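Number of protein chains: 6
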Amino acid sequence: MRPSGRAPDEMRALSFETKFTIHAEGSVLVSFGNTKVLCTASVEEKVPPFLRGKGEGWVTGEYSMLPRATHTRGSREAAKGKQSGRTQEIQRLIGRSLRSVVDMKKLGERQIVLDCDVIQADGGTRTASISGAWVALRLAIDGLMAKGLITEDPMPRRVAAVSCGICDGVPVLDLDYIEDSSADADANFVLIEGGHIAEVQATAEGATYDEEGLLRLLRLARIGCDRIFAAQAEAVAK
Amino acid sequence: MRPSGRAPDEMRALSFETKFTIHAEGSVLVSFGNTKVLCTASVEEKVPPFLRGKGEGWVTGEYSMLPRATHTRGSREAAKGKQSGRTQEIQRLIGRSLRSVVDMKKLGERQIVLDCDVIQADGGTRTASISGAWVALRLAIDGLMAKGLITEDPMPRRVAAVSCGICDGVPVLDLDYIEDSSADADANFVLIEGGHIAEVQATAEGATYDEEGLLRLLRLARIGCDRIFAAQAEAVAK
Amino acid sequence: MRPSGRAPDEMRALSFETKFTIHAEGSVLVSFGNTKVLCTASVEEKVPPFLRGKGEGWVTGEYSMLPRATHTRGSREAAKGKQSGRTQEIQRLIGRSLRSVVDMKKLGERQIVLDCDVIQADGGTRTASISGAWVALRLAIDGLMAKGLITEDPMPRRVAAVSCGICDGVPVLDLDYIEDSSADADANFVLIEGGHIAEVQATAEGATYDEEGLLRLLRLARIGCDRIFAAQAEAVAK
Amino acid sequence: MRPSGRAPDEMRALSFETKFTIHAEGSVLVSFGNTKVLCTASVEEKVPPFLRGKGEGWVTGEYSMLPRATHTRGSREAAKGKQSGRTQEIQRLIGRSLRSVVDMKKLGERQIVLDCDVIQADGGTRTASISGAWVALRLAIDGLMAKGLITEDPMPRRVAAVSCGICDGVPVLDLDYIEDSSADADANFVLIEGGHIAEVQATAEGATYDEEGLLRLLRLARIGCDRIFAAQAEAVAK
Amino acid sequence: MRPSGRAPDEMRALSFETKFTIHAEGSVLVSFGNTKVLCTASVEEKVPPFLRGKGEGWVTGEYSMLPRATHTRGSREAAKGKQSGRTQEIQRLIGRSLRSVVDMKKLGERQIVLDCDVIQADGGTRTASISGAWVALRLAIDGLMAKGLITEDPMPRRVAAVSCGICDGVPVLDLDYIEDSSADADANFVLIEGGHIAEVQATAEGATYDEEGLLRLLRLARIGCDRIFAAQAEAVAK
Amino acid sequence: MRPSGRAPDEMRALSFETKFTIHAEGSVLVSFGNTKVLCTASVEEKVPPFLRGKGEGWVTGEYSMLPRATHTRGSREAAKGKQSGRTQEIQRLIGRSLRSVVDMKKLGERQIVLDCDVIQADGGTRTASISGAWVALRLAIDGLMAKGLITEDPMPRRVAAVSCGICDGVPVLDLDYIEDSSADADANFVLIEGGHIAEVQATAEGATYDEEGLLRLLRLARIGCDRIFAAQAEAVAK
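Residue numbers (the UniProt record's numbering), protein chains in the order written: chain A, 1 to 238; chain B, 1 to 238; chain C, 1 to 238; chain D, 1 to 238; chain E, 1 to 238; chain F, 1 to 238.
Watch out, some of these pointers could steer you wrong.
Claimed, not checked - Counterexamples of contact, computed for chain F against chain E with all Cβ distances above 12 Å:
id	residue
1	1
2	3
3	7
4	19
5	31
6	51
7	106
8	150
9	168
10	177
11	195
12	201
13	211
14	218
15	237
Claimed, not checked - Pair by pair, the computed Cβ-Cβ distance ranges are:
id	chain 1	residue 1	chain 2	residue 2	range
16	D	45	E	54	20 to 26 Å
17	C	44	D	15	55 to 61 Å
18	D	216	F	108	48 to 54 Å
19	A	48	C	13	53 to 59 Å
No lab work stands behind these hints: they were computed from the structure.
Note that this is a predicted model, so its numbers are computed, not measured.
Built from N, CA and C at the ideal position, the CB exists for glycine as well.
Looking at chain A on its own, in the form it has when it is part of the complex (with noise of 0.2 Å):
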């Protein structure tokens, strides 16, 4: 029995709450059960300077946590000076996870960056900005088709990602906090509506895993994000 009484392949409560602020060209409050991520999609009229003129477009992603977000309060990066290597290492995931969808070619030479704010935090916050990224970056797209700024969709698929982890010997969907802390393996998929993957991290600091182990938490990822597909494409019909 999981410690909030799931299924091992039953997510929490997904939601996307689109339009959250109204400056972004895209904006997004994504929950996954507790976890709430505020994800925003700035559209701005240059690219970083290894593509300038080269006529494509850059998707980058920033990530943070409020400090308290979490159960105990964490100290802010901006006074500290420094954001953390997990900080880091978020965001450079974020920022690949939405550019293995995007034909920057077709996005023109313009950059887009997704603000992934953590406002509250429960476990699988940094699949729960990538997969509410995807609508930030939508929306944003969207409006730029709708201005004639883009003729062709540069992003005809969806991408979402989901955590899966080996709790007490059994593999589960969508890892809590209590889980996440517990879990003897944990895994992040980001995957691409058509089945391929983009991205896998699997670590295992405690215990290690098999070959059957690993197939065991694809195949969860994947339940995972078909229901994550619709809710986002559900949102972005609204």
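Go by the hints and put chains B, C, D, E and F onto chain A.
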């Protein structure tokens, strides 16, 4: 006529949504119109080095704006590696304002950190932060008292803040971003329930004002803070 | 009775020693009693990026305290690798205060940096800095006019600043360190020759004050600034 | 045909030159073809604050590339004043990988730091670092056991890592720089002697891959790690 | 002929204005012509961690130039967030030079910090700093001895420094800025009363010099330091 | 008797292993006994801003020690976020020393960066760095000349450096770590082939020395540098 159609002494819609997040000892989303700030109070059973062993507590504030809280995206202070002068000035003001109504001996040797994170900005973020921080602090202190950790209320009075300014020669209350950008003079008042002044920061970069102008702004601030005091009282009574 | 034996509305000995250093376009050592600040004005034939090509100038301030300007040695901000919130707050105030009396179009597309370095501190270093910076700026502008680089005076009025406070219930002018440490309330006024207010920063961390208290401090500030205006006039006339 | 003429499941020349430097408790220069990393293990009789007094040890990793380890000179992180996200991600991976095979209670309350400094880079620097760090750690632990400071071996199994990728549709083992730059997908596997997986990091920024692709890469990784395990055993036996 | 009209072995006007500031245990404004440095000695009843409990003291130096000490304004190191290599090199030199004449056991377990802040620069700021720091240190030690905190003089000898150089083929003493900018070779000598050498830093970026050239500069340095020793003695005798 | 059994004027085993790494335009592992430094020269077809468009080149140096190059592990400067004063002082010295033998006009508008990374330390790392950097620079310049990018040799002479010191009253050449730790005085000499002095840095923190002592150290340095010049010549001739 003000851009928003408000009367000169009319505030924007005001709301305090308490328990907006679940982990903090006090949590509220304060809205002054489209300005929305998440204020949390975190109780820590330790004090800064200069107070250790003195039997007194401390209250401090931190402030940040999410990168896309504003019309155009601002860069993330954690990524730049330092907090701007503006951020530091505001968080110092938040701390001083709240300390003006707290009896540190009655609080006991513990620290309460007030995190004010601007989710969406439309002028007056520092005054909304102070007004919201009082609610978060009140909830945290109520919790300490309910647990018997504090026996006598260290914060018997409320503190609130509001911005006023002179726009096209007319003194107006609670400036939104449009008014703030074009005001001749701009003042932030931090007032204490009962009529005393905790802090005045009146700046006139473009124009300047005389004694009479300052007094008219102070009178508007009293009107605004009285409305805020009432809304604060209602919020914590729930 | 004040610790220094001064009357409540009596300022400390005031002096402006111009041309204290030889390289700067304007240079003055300002003394308010034992508080001594070296203020220099440096003319740079360039403006910050946000003003380029607009035909307007800029005036900005920087502030620092020598490590042993005070009773006990403070650590050097350059060694710590960042400026404190207090330093940033003060240098922002210096810049705003001086800009309130400068017509940026008449100054032309150039920047004047006002460096205020506290050689010795005994209370009121920020107000002495503003009062001294005006003298340095005046000398620098006079130099530009003498060279024909500016044809119309961009700074026809003086600006000065002084601190006031309530000590043992009595409003007093120009606080020294002993008074500053024990004041119930403390306010810095930046006034413009002719009677207008450029900035008020009134703080009451320990106690608080009412409208009448604020007005009494403002009246003291007028007395003090009138004395400073006269001394500034004399200093630049030499 | 691979650019190097290797078969798809063929690794580059592999060597572990132990005692490459004299001061460290464990020291090895590991080469995977032209990729050369100096790995040292430093034993410190103290642990990080979160472990003090718990009777457990810690193993951590640090990683850096010499500025001219690569085709074009990279700027020095110490001169820039911060480590890149890539560096932090890699050193976190090194630490987790080694900790997956160490029993911290048997290590006792001490820390071993694994420094991995890339002398020359030609793809696969992070996997070479992990494979070499195991050798340095083994030598350091052997030293502690020889001195009687540890009585029971805290690291009975080996850990090794290798990169695999899909190049022109073909899964290949141990990518060099040319392959790495043009691979459709790229995965790093950290495997434990005996067949278990410690970590998988599979990324597909350009293309993506399916479950079958992931499994084929995992099988190549097993081939590679078996070769590395044998070479590690031989190196420490000397 | 030197630009200043001085003879090759002639120093600039030299003065030590003691008690220039009131708070420091030792304070002097040293002038070598137009080079003016404020040197203060601050006594701290603690030592750096590596000396705790050893019964020995420490002497260290810090150095900074005010932004407009020079012909064109330099940016403030505190604002840039780091000290330049030049600054660090100079402050290390100041510390070593003064430590060469202090018996740390006799000083007792306390630290004296020598702050050297350049008010105005015209060449030779590091050598003026060392020469002035000795005076400030002497005054601070005299104060400790007068209070009975030290019983035996820990600094029986003087130390002084001067710069020499080869300009247009002629060895000259005490270079001002014009000479310094165009010198073929430039050397700073730190000498101890009685004839010994504490430090030589001789650099020849443009040209180079031979053994004879080095000796001729050393002889000039002796002439200069003898003059400085006499002035130091007179300054502290007042 | 020296701890190593060497005669006072005897250097340690000296070797220059060229082409130690493959990517750099010049690469050498220099050994002075157990001190081993990897020196690489990187040619960049650009110059620092202050030289742009002047038709002149630039040569600069960077220096670092691997964390476990020494007896006890030092913390990594990139992790601490800043380079120590010692590091900056040494890299400034390396740059000046090499520039003393290069004709910048003949080098043309390009920069050569000399990276000196200490793999293993046993005293004299800065002097080994300079001596090795000359070899790396020579190889890089030879490459530019072979490609016809430079027509006239910009570096006709060699530069080398060695440390000398007074140990137990005896002047000795090429100090190892044990001697360096206990020397009464310590001097680094940078000499140019043919007999001229590029730089002397003679420090006497513990004791001091007289003119005769300085000359005796200089004579030892000449003996040492002659040996280094010969070894450099042989290394580049291969």
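The hints, checked one at a time:
1. Consistency note on residue 1(F): stated as away from chain E, and its beta-carbon is indeed over 12 Å from all of that chain's, at 27 Å minimum.
2. The Cβ of residue 3(F) sits about 24 Å from the closest Cβ of chain E, beyond the 12 Å cut-off, so the non-interface label holds.
3. Distance to chain E confirms residue 7(F) as a non-interface residue, since its nearest Cβ pair spans about 23 Å, more than 12 Å.
4. Once the 12 Å rule is applied to beta carbons, residue 19(F) is consistent with being away from chain E; the minimum gap is 30 Å.
5. Every CB of chain E lies more than 12 Å from the CB of residue 31(F), the least distance being 27 Å, so the non-interface label holds.
6. Once the 12 Å rule is applied to beta carbons, residue 51(F) is consistent with being away from chain E; the minimum gap is 15 Å.
7. Distance check on residue 106(F): its Cβ is at least 15 Å (rounded) from any Cβ of chain E, clearing the 12 Å threshold; non-interface status holds.
8. Every beta carbon of chain E lies more than 12 Å from that of residue 150(F), the smallest distance being close to 21 Å; the non-interface claim holds.
9. At roughly 18 Å, the least C-beta separation between residue 168(F) and chain E is larger than 12 Å, which holds for a residue marked as non-interface.
10. Interface exclusion of residue 177(F) from chain E stands, the closest Cβ pair being 18 Å apart, more than 12 Å.
11. The non-interface label for residue 195(F) is inconsistent with chain E: the shortest C-beta to C-beta separation is roughly 6 Å, within 12 Å.
12. Residue-level check failed: residue 201(F) sits 5 Å from the nearest beta carbon of chain E, not beyond 12 Å.
13. Look at residue 211(F): its CB is around 6 Å from the nearest CB on chain E, not clear of 12 Å, so calling it non-interface is violated.
14. With a least beta-carbon separation of about 6 Å from chain E, residue 218(F) fails to lie farther than 12 Å from that chain, contradicting its non-interface assignment.
15. Chain E leaves residue 237(F) outside its interface by the beta-carbon criterion, the shortest separation being 25 Å against a cut-off of 12 Å.
16. The given range of 20 to 26 Å is respected by residue 45(D) and residue 54(E), whose C-beta atoms sit roughly 22 Å from each other.
17. Taking the beta carbon of each, residue 44(C) and residue 15(D) are about 59 Å apart, inside 55 to 61 Å as hinted.
18. For residue 216(D) and residue 108(F), the Cβ-Cβ distance of about 52 Å falls inside the hinted range of 48 to 54 Å, so the restraint holds.
19. In this structure the supplied range 53 to 59 Å holds for residue 48(A) paired with residue 13(C), their Cβ-Cβ distance being about 58 Å.
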